[in-house]
Structure formats: C-alpha cells, structure tokens
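Here the working numbering is used: the first residue of the sequence shown is 1, the next is one more, and so on.
Rather than coming from a laboratory, the hints here were simulated on the basis of the structure.
Predicted model only: the values in this text are computed from it and were never measured.
Some hints here could point you the wrong way.
Simulated restraints on C-beta separations [stated by the list, open to error]:
no. : residue 1 : residue 2 : range
1   : 115       : 40        : 35 to 41 Å
2   : 12        : 107       : 33 to 39 Å
3   : 74        : 45        : 25 to 31 Å
4   : 44        : 15        : 38 to 44 Å
5   : 17        : 80        : 28 to 34 Å
6   : 17        : 42        : 39 to 45 Å
7   : 107       : 76        : 45 to 51 Å
Using N, Cα and C, we set each Cβ at its ideal position, and we do this for glycine too.
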Amino acid sequence: MCVMNNMGQMGLALGFNDASIFVSLMSIWGFFGRIVSGLLSEYYIWKCGTPRPVWNAASQILMALGYIIMAMALPGSLHIGSILVGICYGVRLTIPVPVASELFGVKYYGLLYKILILNLPLGSFLFSGLLAGYLYDAQATISVDGSNTCNAPFRHNSCFSYNVSFLSVNLTNNYNSVR
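Taking the hints into account, I'd like the entire structure generated from these sequences.
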C-alpha cells in the first residue's frame with residue numbers, strides 16, 4: 001500500500017509528467033495477480049499438494065525484487081517494478097482468505113475475513129501515512145514557498161529499503177509456517 005499510495009510522487013521524481021500510468025499498471029496487474037493466483041493455488045494444491053503459504057512466500061520474493069528494481073531508478077525500472085508489485089499485491093489479497101478458512105474452518109469465516117481485510121486501511125495509515133511520510137519529509141527539500149518536495153529518485157530508496165526488509169521478515173514467517 002505504501003508504494004501504491006506514492007506512485008505518483010515516485011513517477012514525478014523520475015521525471016515523468018503523467019505518473020498515472022504506474023498506478024494503472026499496478027491496478028491492472030493486481031487484477032491478473034488475483035485471478036492467476038487463485039487458479040494456480042487451487043490447481044497445485046490438488047495436483048501436487050503444494051500448501052498455499054508457498055504462494056505467499058513466492059509473491060514476497062517477487063515483490064522484494066520489484067521494490068529493488070524500482071529503487072534502482074533506471075530507465076523503465078518503474079514500469080517493470082509496477083507490474084511486479086501489482087501482480088504480487090493481487091496474490092497477497094487473494095491467498096490469505098482461503099488459508100484462514102483452511103486453518104480455522106468456516107464457522108467464524110466472516111470475522112476472519114474482516115480481520116484479514118482490516119490490514120488494508122490499517123497498513124495504509126501506519127506505513128504510508130506515518131512511516132513513509134516521515135521518511136519522505138526527512139529527506140525532502142524545502143522549497144521557496146515552504147512546502148516539502150521530494151524530486152530526486154535516490155530519496156525514495158529508504159522507503160524501498162524498509163519495504164524489502166519488512167518483506168524479508170514476512171518471508172521468514174511464511175517459511176516457518178510451511179515447514
């Protein structure tokens with residue numbers, strides 16, 4: 001969510017006049033990530049017995065790769081990173097719901113679903129509003145009119161570094177749940 005909320009600012013920092021293409025790429029590929037992850041997880045759970053948390057772990061690895069690609073600020077890296085992060089975001093929205101129903105049953109499915117969906121606004125507020133806002137404000141330059149502007153690609157690297165380290169901790173947790 002942190003990256004999605006700040007895609008426009010990152011596009012402007014890399015010199016794009018219209019950064020809406022990156023939000024569109026993430027949204028479109030997020031849709032495909034939701035559809036494909038649901039189909040693939042169902043297929044492989046019945047065909048090979050692959051547990052669903054493996055798909056979460058794979059999406060976290062790809063998402064970290066997408067963050068690293070975006071942080072490099074090379075030509076075209078924001079396009080490729082937007083696609084990778086969008087796909088993984090779709091996977092991260094789809095897979096936890098059936099995992100929760102498999103672990104805890106369907107008796108309290110509504111409550112579990114609401115708790116899982118609560119992470120979207122809560123995570124958006126905590127990571128985008130507080131943490132990323134603090135990091136961007138700390139590295140932004142103060143303009144003549146007194147507002148903070150973040151117009152250099154290297155200033156977004158601290159937020160990407162935090163996201164990659166956060167995903168690494170989550171990947172370790174997923175590995176421990178699959179074992």
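Hints versus structure:
Between residue 115 and residue 40, the C-beta spacing of about 25 Å breaks the proposed range 35 to 41 Å. Range check, residue 12 to residue 107: Cβ separation about 49 Å, and the 33 to 39 Å hint is violated. Taking 25 to 31 Å as the suggested C-beta distance range, the pair residue 74 and residue 45 does not conform, at roughly 37 Å. At roughly 41 Å, the beta carbons of residue 44 and residue 15 sit within the given window of 38 to 44 Å.
The supplied range of 28 to 34 Å is broken by residue 17 and residue 80, whose beta-carbon atoms lie about 20 Å from each other. Look at residue 17 against residue 42: about 42 Å separates their beta carbons, and that is inside 39 to 45 Å. Checking the proposed 45 to 51 Å range against residue 107 and residue 76 shows it holds: the Cβ atoms sit about 49 Å from each other.
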